[in-house]
Amino acid sequence: GAGVSQSPSNKVTEKGKDVELRCDPISGHTALYWYRQSLGQGLEFLIYFQGNSAPDKSGLPSDRFSAERTGGSVSTLTIQRTQQEDSAVYLCASSVVTDTQYFGPGTRLTVL
Amino acid sequence: AQSVTQLDSQVPVFEEAPVELRCNYSSSVSVYLFWYVQYPNQGLQLLLKYLSGSTLVKGINGFEAEFNKSQTSFHLRKPSVHISDTAEYFCAVKTQGGSEKLVFGKGTKLTVNP
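One line per chain: the protein sequences are A and B, in this order.
Take this note's numbering: the last position of the first sequence gets the number 109, and nothing is skipped along the way.
Take this note's numbering: the last position of the second sequence gets the number 121, and nothing is skipped along the way.
It is worth saying that the hints were derived from the structure and are not from the lab.
This structure is a prediction, so every number in the text was calculated from the model and none was measured.
Ideal Cβ placement from N, Cα and C applies to all residues, glycine included.
Honestly, I wouldn't trust all of these hints.
Unchecked claim - Distance ranges between label pairs, derived from CB positions:
#1 B:Gly105 <-> A:Ser63: 20 to 28 angstroms
#2 B:Ser77 <-> A:Ser6: 40 to 48 angstroms
#3 A:Pro58 <-> B:Ser87: 38 to 46 angstroms
#4 B:Ser87 <-> A:Glu11: 46 to 54 angstroms
#5 B:Asn120 <-> A:Asp15: 42 to 50 angstroms
Stated by the list, open to error - Derived DSS-like pairs: lysine-lysine, alpha-carbon spacing no greater than 27 angstroms straight-line:
#6 B:Lys116 <-> A:Lys54
#7 A:Lys8 <-> B:Lys113
#8 B:Lys56 <-> A:Lys8
#9 B:Lys56 <-> A:Lys54
Build out the structure end to end from the sequences listed, making use of the hints.
Now the structure itself:
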């Protein structure tokens, strides 16, 4: 079956612009996660959605970062007023609750 | 809070040699343990996981890991590596009954040379 998909695969933007990253989870997976992978910080948790529960936003690094999940499926991660330190690979994962997280290929974000 | 330490950032080995990638964790509560592999320009793929039961866990591609609670370790092993095993390997933990987030180590870059 289809895995987790993410778009775009690469995004280059200018400092100060807003960007939106999209994640399509595996069908039937109720949990969705965003992580960030950067050279300096490694893999960091950003946010977790589970069904209709309030998301766990404890990993978002600043209020410039936000995410939503519409209809319990597709999720969008938005970064406002991008900074150079936001450059990283943004990974999305999905799972059946409390089970293995399956990762997408990631979106490579470059902020110039 | 949990933390994961992968003791070696890079491990070079020759083809058909055995390899061990080390992982130690710190947690005040019980955890689940995972090893993921990342090939160049790809996402993370699960190699194996320890949830409960036997402390020796077998995964895909001939890898296995042993959970040692007293030493808080979860080292990854393969008896004979192939060129195609060249990748970055990440150890991760998740608390039992707590947050669903994975906490990752910094990764170990395994390079298999002919």
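For each hint, the structure was consulted:
no., hint, result
1, B:Gly105 <-> A:Ser63: 20 to 28 angstroms, "holds (24 angstroms)"
2, B:Ser77 <-> A:Ser6: 40 to 48 angstroms, "holds (44 angstroms)"
3, A:Pro58 <-> B:Ser87: 38 to 46 angstroms, "holds (42 angstroms)"
4, B:Ser87 <-> A:Glu11: 46 to 54 angstroms, "holds (49 angstroms)"
5, B:Asn120 <-> A:Asp15: 42 to 50 angstroms, "holds (45 angstroms)"
6, B:Lys116 <-> A:Lys54, "violated (30 angstroms)"
7, A:Lys8 <-> B:Lys113, "holds (24 angstroms)"
8, B:Lys56 <-> A:Lys8, "violated (33 angstroms)"
9, B:Lys56 <-> A:Lys54, "holds (25 angstroms)"
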